[in-house]
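Undergrad: Sequence:
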Amino acid sequence: MAAESRNAALVGDREIRGTRVFDAARELVWKAWTEPEHIGQWWGPHGFTTTTHKMEVKPGGVWRFVMHGPDGRDYQNKITFVEVVKPERLVYKHGGTGEKEDRDLEPVSFHVTVTFAEEGGKTRLDMRSVFPSAKARDYVVKNYGAVEGMHQTLARLGEYLVSRRGETHIDD
Numbered sequence: 001m002a003a004e005s006r007n008a009a010l011v012g013d014r015e016i017r018g019t020r021v022f023d024a025a026r027e028l029v030w031k032a033w034t035e036p037e038h039i040g041q042w043w044g045p046h047g048f049t050t051t052t053h054k055m056e057v058k059p060g061g062v063w064r065f066v067m068h069g070p071d072g073r074d075y076q077n078k079i080t081f082v083e084v085v086k087p088e089r090l091v092y093k094h095g096g097t098g099e100k101e102d103r104d105l106e107p108v109s110f111h112v113t114v115t116f117a118e119e120g121g122k123t124r125l126d127m128r129s130v131f132p133s134a135k136a137r138d139y140v141v142k143n144y145g146a147v148e149g150m151h152q153t154l155a156r157l158g159e160y161l162v163s164r165r166g167e168t169h170i171d172d
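Under the numbering used here, the first residue of the sequence shown is numbered 1, with each subsequent residue one higher.
Derived from the structure by calculation, the hints contain no laboratory data.
Cβ atoms here follow ideal geometry from the backbone N, Cα and C, with glycine treated the same way.
Don't take each hint at face value.
[To be verified] Derived SDA-like pairs (lysine to any residue); straight-line CA-CA distance at most 20 angstroms:
#1 Lys-93 <-> Thr-115
#2 Lys-122 <-> Pro-87
#3 Lys-93 <-> Thr-113
#4 Lys-122 <-> Val-21
#5 Lys-86 <-> Arg-124
#6 Lys-86 <-> Pro-59
#7 Lys-54 <-> Val-66
#8 Lys-93 <-> Arg-14
#9 Lys-93 <-> Thr-80
[Said to hold, decoys possible] Okay, the calculated beta carbon distance ranges per label pair:
#10 Asp-23 <-> Pro-107: 16 to 24 angstroms
#11 Ser-163 <-> Pro-132: 21 to 29 angstroms
#12 Ala-9 <-> Lys-54: 12 to 20 angstroms
#13 Asp-23 <-> Lys-135: 37 to 45 angstroms
#14 Glu-83 <-> Pro-132: 13 to 21 angstroms
#15 Asp-13 <-> Ser-163: 17 to 25 angstroms
#16 Thr-52 <-> Ser-163: 29 to 37 angstroms
#17 Thr-19 <-> Val-162: 30 to 38 angstroms
#18 Tyr-144 <-> Gly-121: 33 to 41 angstroms
#19 Asn-7 <-> Tyr-144: 37 to 45 angstroms
Please take these sequences and the hints and turn them into a complete structure.
TA: In structure tokens, the structure reads:
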């Protein structure tokens with residue numbers, strides 16, 4: 001279950017894109033991405049841990065979570081799912097709505113499309129984060145190390161999948 005290829009880069013002036021091929025079945029990668037007991041094992045850059053408070057993977061559903069940084073800082077996050085096509089695609093908004101309950105969130109908001117494509121028993125994952133402006137994208141690159149963060153997050157997913165070597169599905 002080793003990862004075959006990896007890439008995270010800036011695309012145009014408003015996008016960050018990460019692509020990786022995993023030697024794992026698409027259903028396994030999907031489940032690792034969409035179930036709280038699994039995503040908490042790998043989400044975030046190296047040195048981070050993730051605590052999920054709520055995760056409803058459905059259109060309009062919300063994933064509220066905290067990323068705990070290696071420096072002791074907690075990063076409050078909210079994802080609102082826009083489109084869920086199991087096991088092919090997730091589309092979501094990362095960030096708040098400006099409502100009172102979102103005041104604790106990091107001051108960034110962007111849309112993400114994640115696709116899971118079968119390739120000869122492996123899975124090609126493509127993650128596209130699109131920002132409202134070049135300034136917003138550049139802010140997360142400078143202040144959060146977003147390109148390297150995406151690269152490391154996908155690497156951690158690869159490590160998690162390797163730890164599940166030989167499994168065709170993840171047991172609950």
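Undergrad: All hints, please: hold or fail.
TA: Checked hints:
no., hint, verdict
1, Lys-93 <-> Thr-115, "15 angstroms, holds"
2, Lys-122 <-> Pro-87, "13 angstroms, holds"
3, Lys-93 <-> Thr-113, "9 angstroms, holds"
4, Lys-122 <-> Val-21, "7 angstroms, holds"
5, Lys-86 <-> Arg-124, "15 angstroms, holds"
6, Lys-86 <-> Pro-59, "12 angstroms, holds"
7, Lys-54 <-> Val-66, "10 angstroms, holds"
8, Lys-93 <-> Arg-14, "15 angstroms, holds"
9, Lys-93 <-> Thr-80, "5 angstroms, holds"
10, Asp-23 <-> Pro-107: 16 to 24 angstroms, "38 angstroms, violated"
11, Ser-163 <-> Pro-132: 21 to 29 angstroms, "37 angstroms, violated"
12, Ala-9 <-> Lys-54: 12 to 20 angstroms, "32 angstroms, violated"
13, Asp-23 <-> Lys-135: 37 to 45 angstroms, "38 angstroms, holds"
14, Glu-83 <-> Pro-132: 13 to 21 angstroms, "19 angstroms, holds"
15, Asp-13 <-> Ser-163: 17 to 25 angstroms, "37 angstroms, violated"
16, Thr-52 <-> Ser-163: 29 to 37 angstroms, "19 angstroms, violated"
17, Thr-19 <-> Val-162: 30 to 38 angstroms, "18 angstroms, violated"
18, Tyr-144 <-> Gly-121: 33 to 41 angstroms, "35 angstroms, holds"
19, Asn-7 <-> Tyr-144: 37 to 45 angstroms, "19 angstroms, violated"
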